[in-house]
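Student: Listed here are the chains, written in short residue letters.
There are 4 protein chains.
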Amino acid sequence: MQIGFAGLGNMGFAMAANLVKAGHEVLAWNRSKEPVARLVALGAKEAATPAEAAQAGIFVTMLADDASTRSILEEGGALAALKPGAVHVCMATVSVAFAQEMAGRHAEKGVGYIAAPVLGRVNVAEAGQLNILAAGEDALLDRVQPVFDVMGQKTWRFGAEPERANAVKLASNFMLVSAIETMAEASAMVAGHGVAVADFLAMATSTAFAAPVYKIYGEAIVQQRFEPAGFKLSLALKDIRLALEAAELARAPMPFASTLKDNLLDGVAHGEGHLDLAALSKVAARRAGKG
Amino acid sequence: MQIGFAGLGNMGFAMAANLVKAGHEVLAWNRSKEPVARLVALGAKEAATPAEAAQAGIFVTMLADDASTRSILEEGGALAALKPGAVHVCMATVSVAFAQEMAGRHAEKGVGYIAAPVLGRVNVAEAGQLNILAAGEDALLDRVQPVFDVMGQKTWRFGAEPERANAVKLASNFMLVSAIETMAEASAMVAGHGVAVADFLAMATSTAFAAPVYKIYGEAIVQQRFEPAGFKLSLALKDIRLALEAAELARAPMPFASTLKDNLLDGVAHGEGHLDLAALSKVAARRAGKG
Amino acid sequence: MQIGFAGLGNMGFAMAANLVKAGHEVLAWNRSKEPVARLVALGAKEAATPAEAAQAGIFVTMLADDASTRSILEEGGALAALKPGAVHVCMATVSVAFAQEMAGRHAEKGVGYIAAPVLGRVNVAEAGQLNILAAGEDALLDRVQPVFDVMGQKTWRFGAEPERANAVKLASNFMLVSAIETMAEASAMVAGHGVAVADFLAMATSTAFAAPVYKIYGEAIVQQRFEPAGFKLSLALKDIRLALEAAELARAPMPFASTLKDNLLDGVAHGEGHLDLAALSKVAARRAGKG
Amino acid sequence: MQIGFAGLGNMGFAMAANLVKAGHEVLAWNRSKEPVARLVALGAKEAATPAEAAQAGIFVTMLADDASTRSILEEGGALAALKPGAVHVCMATVSVAFAQEMAGRHAEKGVGYIAAPVLGRVNVAEAGQLNILAAGEDALLDRVQPVFDVMGQKTWRFGAEPERANAVKLASNFMLVSAIETMAEASAMVAGHGVAVADFLAMATSTAFAAPVYKIYGEAIVQQRFEPAGFKLSLALKDIRLALEAAELARAPMPFASTLKDNLLDGVAHGEGHLDLAALSKVAARRAGKG
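Protein chains in written order, with UniProt numbering: chain R, 1 to 291; chain V, 1 to 291; chain Y, 1 to 291; chain S, 1 to 291.
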């Protein structure tokens, strides 16, 4: 199957490489050319422009955000280049509003549009073990399922409207950030009573909260190890902003998300945007006078 | 070892029964006499008053809250009856301020005071598998460790000041309530975009949030099954109030906890105090106009 | 002085009418033609397109929001039509980011850009008694000051960067909405203790809070009179969103604004978006179980 | 009329002095004796104990809080000393729960209980210009009205249950603190866009917010003048805590009050508890990275 692929950042490269290794003919485009060369070395073909990559029957995009995705679709000519009957699989974490707009614009052209953001970091992507959150018409999903099967361990389907998958992705990231804030506040409180945060989190993440996310971030909080950042605080701020936008569209108050935005902003205002999300614990400690 | 035991509610009875079964001589008191009779049938002795139960060398209390614990210590005469060299193990979820006061008042009498609230519901208590959060002087903790070993799978020690264990217990319950609120908000948001909450939570609790607490409460949210209540919303309100009091003593802002109090209050104001904590999802849905 | 004027809604019409009455030559454009006809009857000239109106040396725009302002500037051709040396005075409540963008794009063309949102409702505009919040280069402000003097009782200057005036306008509206929420929460609380809200607000707005804004909205809360809406709840939601966007650009956490957004959203989710902002009192009462 | 008066702090002394000057026979008690001596010099009589002061037919108390009021009533013997038919006028800012308890305990003894907290600082008290927020049985209020008329410019009545006046007082203080936080957040935001806070607040407090409370605190914020404290931040924290307790009794969520508590706590944690409430602006600025 010929697959166009635009966006070879760390995640995108790992995903595209798996497609190449699985024998797919990958037509790859990226703004900077170095990762394209690496992928070509694995067997891919280079597309000179996003439009060229979009001429494949399946066009996968894995850009950073709304703006960069819009850029390759509009200025990059990819949207115009997509042929009737083709399908565009947008795997980036974009906004619900963007997905709604794109679903409409693709439909007008007779092009399928699937939203399929993913859960998992780079090592998970490399292992082909992502969880793929997908939404779009069933027939389209069936058609690209083999592509998903190469990149992920499981595809979760959320219905025909593509933006649903984006809402789910943003809700998932909200849950993650919320878990970190919860540990941060709890730790600041017990520390204020003289409890060693290491003791507290060792207990909490061995009992009711024995989940990887709590263990990994709890460890980072205890060791105050915020670099290298697995998930940058500034990117968490972006995702929480998108979650709040999705909430506003759904008319659903999300007071936790609102608090998260304020606290992430506090972190960014203190020059901590480049640190790992676990640095929310610094915000909570600082507010308690232990900055 | 002779052990006085006051407070035979569901949790207390299960804990005391295990002590009896393990061969300890339990001198039991409870306000209503029915559970005392059941425990006597297992081999315990009845204490006519809290004071009588407090004459054992180890005195365990498992009452509902500050007020009821204070009542048996003061009006019930238990504090006066404790002998120098005895140790009082307070296993209830009481406030940090109460623990501080009691630690001081016991010390004045030459009586040891240990705070040892527990994690786990009735079935866990029956199985002797509680997690025990303990704080107090090491020598005292060593002395009562055999008692803990009968009731719990593990004892976590948090230092010499008893109130630390209470701070940890309140922080743990805060984490629990926070996790439910997180699922409630995320579910209301995705539902507003047409996603089936069952699909969303099935995914979330199978991936990053594959922890029992998320699975159990997530199931309750999906099925809108709030009775019988495993953890009543009104009791969660009490615990969050205590967590906020502990936070104020520690001068640690806890904006998530503040939001939780408001939302739990919203639930209570709508006659949902008797429902399970999972009914926080009703609050989030109602605010989104899906009440 | 020839003045182009685009946007003859209730506010814009009142402002433009005062310019006509003061003897200015007003070249007016509006999407719907009825208000243009009314203004022409007063002595204005009709502009067939936004571009035509923009050919005057001073071009005032008073549209509803970013999108409609952008529309007349881009599709409507006004930005292209502005001549070097002209000045565009944007008096709408637009976002800080929009003002920044426009300041730059006008500067590239050698066209001046002033942000000058206003405080005051329609009757105040009719009386020429607006408070004008202005920012832009001093020389430009001096040039349009005579225009401001016709429309307003006072012009407040906030410096050379136009977006500052927009930040101030959004901060002002935030203060207004915050005052209403404050009364709403306080009223719900005292009502829960049996106090008549009328008695409470009569006292509060006669003592420390004897300001028109408290008196007017307090009266609406007491009488539960939410129609006709002086300031629609849904528009307050828009302005609070813009205030939060401005806060994010400034990296300033605004927890009150975050709470306002959630509560306004709660109102909109309950079909109250068309009501006056005072309906925030319905949200507070509903949450307290008195819905 | 003979009036017992307990509590001669700055406020209490000013109020009691006015009673003496108006010709009332004041029987005064205070923990420290210096203010008693000053009042005796004006014509009052000294009461050796709270109990002695409570033997007058009207007994006014103006202590710092629940604990100190309880102390003179219980350990000080005042409650026991009150005679059937007497009336106790509690003018301190105490909790709603305390007022409810005391109303009941006084009623059991056939003693009237009136809650009458006041609005106004020391200079207002000295001028006899307080606003008195009163609740209790009408007949009792009528009886003490002459006493109120000496101390205040106006008495506002809120019904027969005494605690209502306390709820109103706490709601009023909440409104005050909320107004300061509003200015603090708005100022941090506009400052982040380069606006001079002095310019912003000069405008805001001359237009929609032209009320003394905004002008006075706005001035303090602009000048960063937080000492001497007119209303200490730590006392504001106490009052907001009491407001939240009143809200919980009324089952009324107050998210603004919750945010205020967190922010006041942030201030206290940074050693700012002794500063004036206007120092909430320091908290907002610090969170925005301008600490």
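Hints are computed from structural coordinates only; laboratory data are not their basis. Honestly, I wouldn't trust all of these hints.
Note: identical chains are not told apart, hence a pair may lie in one copy or across any two.
As the list claims (entries may be wrong) - In the DSS-like style, the derived pairs of lysine-lysine whose C-alpha atoms are separated by at most 30 angstroms in a straight line are: (1) Lys238 - Lys21; (2) Lys45 - Lys290; (3) Lys45 - Lys21; (4) Lys290 - Lys109; (5) Lys215 - Lys109; (6) Lys83 - Lys232; (7) Lys290 - Lys83; (8) Lys109 - Lys232; (9) Lys232 - Lys33; (10) Lys21 - Lys290.
Student: Any hints from earlier that this structure breaks? Give me their numbers in increasing order, please.
Tutor: 1, 2, 4, 5, 6, 7, 8, 10
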